[in-house]
Amino acid sequence: MELVREFRDSSRVNILKEKLEGFAFKNEVKIMEVCGTHTMQIHRFGIHQMLPENVKLISGPGCPVCVTENSYIDHAIELARAGFTITTFGDMIRVPGSYSSLEKVRAEGGDVHVVYSPMDSLELAQRSGKEVIFLAIGFETTAPTIGATVKKAKELELENFSILAGNKLVPPALKVLVEDRNLGVNGFLLPGHVSVIIGMRPYEFITEYGVPGVISGFEPVDIISSIVLLLEMIEKGEARIINNYKRAVRDGGNPTAQRIIQEVFEPVDSEWRGLGWMEGSGLGLREEYSEFDAEKRFQVDVPPPREHPGCRCGDVLKGIINPPECPLFGKVCTPENPVGPCMVSSEGSCSAWYKYG
Amino acid sequence: MCLAVPMKLIKKEGDKGIVLSMGVEREVSLALLPEAEIGDWVIVHAGFAIERMDEEEARESLKLLEEMWSS
Ligand code: SF4
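In order, the protein sequences belong to chains A and B.
This note's numbering puts the first sequence at residues 133 to 489.
This note's numbering puts the second sequence at residues 16 to 86.
Derived by calculation from the structure, the hints in this document are not laboratory data.
Be careful, since some hints might not be right.
Here are the simulated DSS-like cross-link-like pairs (lysine-lysine), alpha carbons at most 25 Å apart as the crow flies [said to hold, decoys possible]:
1. Lys-149(A) / Lys-162(A)
2. Lys-78(B) / Lys-378(A)
3. Lys-283(A) / Lys-27(B)
4. Lys-368(A) / Lys-307(A)
5. Lys-26(B) / Lys-283(A)
6. Lys-286(A) / Lys-31(B)
7. Lys-78(B) / Lys-151(A)
8. Lys-23(B) / Lys-378(A)
9. Lys-188(A) / Lys-162(A)
10. Lys-149(A) / Lys-31(B)
What the simulated footprint calls covered on chain B by chain A, stretch by stretch (three residues with Cβ under 8 Å from a Cβ of chain A suffice, anywhere in the stretch; the number is not a length) [stated by the list, open to error]:
11. 41-47
12. 54-61
13. 75-81
Given the structure is predicted, the values throughout are model-derived calculations rather than measurements.
From the three backbone atoms N, C-alpha and C, an ideal C-beta is built for every residue, glycine too.
Just chain A, with the same shape it has in the complex (with noise of 0.2 Å):
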């Protein structure tokens, strides 16, 4: 799509630069971006030396493999030497557990395969007619294709199939981080792609707190509007919601991706890395889709887990620090020998910050 490039174009980039210089704030002020896309892009474009005076952007827990607790990982690697066939995006295979990867255990013999979408599994299963789990990770916009895979799965009768049941949810993580007084966010970065799907209503909560929010497309121009009417907001102390990646994002979202994210899940309390125990952050499977449901039909020993010595990934997506305040980053730490998931993901603040600096 020709139109697409405008959004890349360098004289629009150069006006808005003006655009951002032209702020001033005699306090700090903290924007968060909460999709590891933008976390990328941001550094890619190297948007944080675009920056006025006292504005700092911070990453939040925005990529789905950095946020899947180690227990998971740990349960997933423990299914698999248990001889079960495990697919899943190729993003998770390389995160380290407690004490192993996916990626070893297939060494060791595993039957571990990348799937590109969660349908591949099916595929998989008819034709291998193996057990097969897929690890069921993501956000919102991941959600609603794993729900019509199970929902095929159902309908073909398929029984060598289930998941791991993983996904979650975006706005009660933003519920947390909002009222983090420590923290202080004041205006966030919000999700182009979880958009397209919950559309702006889900997301009006945060203006109660006083904090704006803007979705964005993933464009430079996109973020860096996006950045100017935040800034904007915060400027005049106003607090709403805007959709600046209208070409994408229907204001009340994609309702029929909504509607089978509701008949094959529900809300479930679920642990994320950094920010803990959160309620109804989770999606498990309803009970008329128990039979697809992993943990409930194999009985596996997960060892307890434990977090990788040293790794700051917790407080990396907790905007807390930045991933070079880190002893280990970039020394110990590499995307070719990551300790921890923020630097295996490319969409990890720590990989982010690797690349492109």
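Using the hints provided, position chain B with the ligand relative to the given structure of chain A.
Relative to chain A, chain B with the ligand alone:
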């Protein structure tokens, strides 16, 4: 995960579609976007079309931006 370029839907059969991505044909599921029509630009995530890219809105946003700069 989200850096999806819009792809053009060139075939539709039930809840399956074929999109053109940099000259290569790829199958996508339309289960989340049954209203998609041939010729639409769609955003694809994990093998599913999740929304249509609206050209008119794109133009409108660019116009709004221009107004923002001139103020
Ligand atoms: S640099 Fe590595 S060890 Fe440090 S917080 Fe990031 S992932 Fe963890």
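Point to revise | Pair hint outcome, Lys-149(A) versus Lys-162(A) [Cα-Cα no greater than 25 Å] | key: holds (18 Å)
Review point. Are Lys-368(A) and Lys-307(A) close enough, with their CA atoms no more than 25 Å apart?
Key: Distance ~23 Å between Lys-368(A) and Lys-307(A) Cα, so the pair holds.
Check your understanding: Between Lys-286(A) and Lys-31(B), does the CA-CA distance stay at or below 25 Å?
Key -> Between Lys-286(A) and Lys-31(B) the Cα gap is close to 18 Å, so the pair holds against 25 Å.
Practice item. Verify the coverage statement for the region 75-81 of chain B against chain A, using a C-beta to C-beta distance below 8 Å and requiring 3 or more qualifying residues. Key: holds (count 4)
Check your understanding: Are Lys-78(B) and Lys-151(A) close enough, with their CA atoms no more than 25 Å apart?
Key -> This hinted pair holds, its Cα atoms lying about 16 Å apart.
Practice item. Verify the proposed pairing of Lys-26(B) with Lys-283(A), using a straight-line Cα cut of 25 Å. Key: Holds. Lys-26(B) to Lys-283(A) sits at ~23 Å (cutoff 25 Å).
Practice item. Compare the distance between the alpha carbons of Lys-188(A) and Lys-162(A) with 25 Å, and conclude whether the hinted pair is satisfied. Key: holds (5 Å)
Practice item. Given the hint that Lys-78(B) pairs with Lys-378(A), test it: the Cα-Cα distance must not exceed 25 Å. Key: holds (13 Å)
Review point. How does the coverage statement for the region 54-61 of chain B fare against chain A, requiring three or more residues with Cβ below 8 Å from a Cβ of that chain?
Key: holds (count 4)
Review point. Taken at face value, is the distance from the CA of Lys-378(A) to the CA of Lys-23(B) at most 25 Å?
Key: Since the Cα atoms of Lys-23(B) and Lys-378(A) sit roughly 19 Å apart, the hinted pair holds (cutoff 25 Å).
Practice item. Can you take a look at whether the region 41-47 of chain B is actually covered by chain A? Rule is 3+ residues, C-beta closer than 8 Å. Key: holds (count 3)
Check your understanding: Straight-line Cα separation of Lys-149(A) and Lys-31(B) no greater than 25 Å?
Key -> violated (43 Å)
Comparing the model with each earlier hint shows a violation of hint 10 alone; every other hint is respected.
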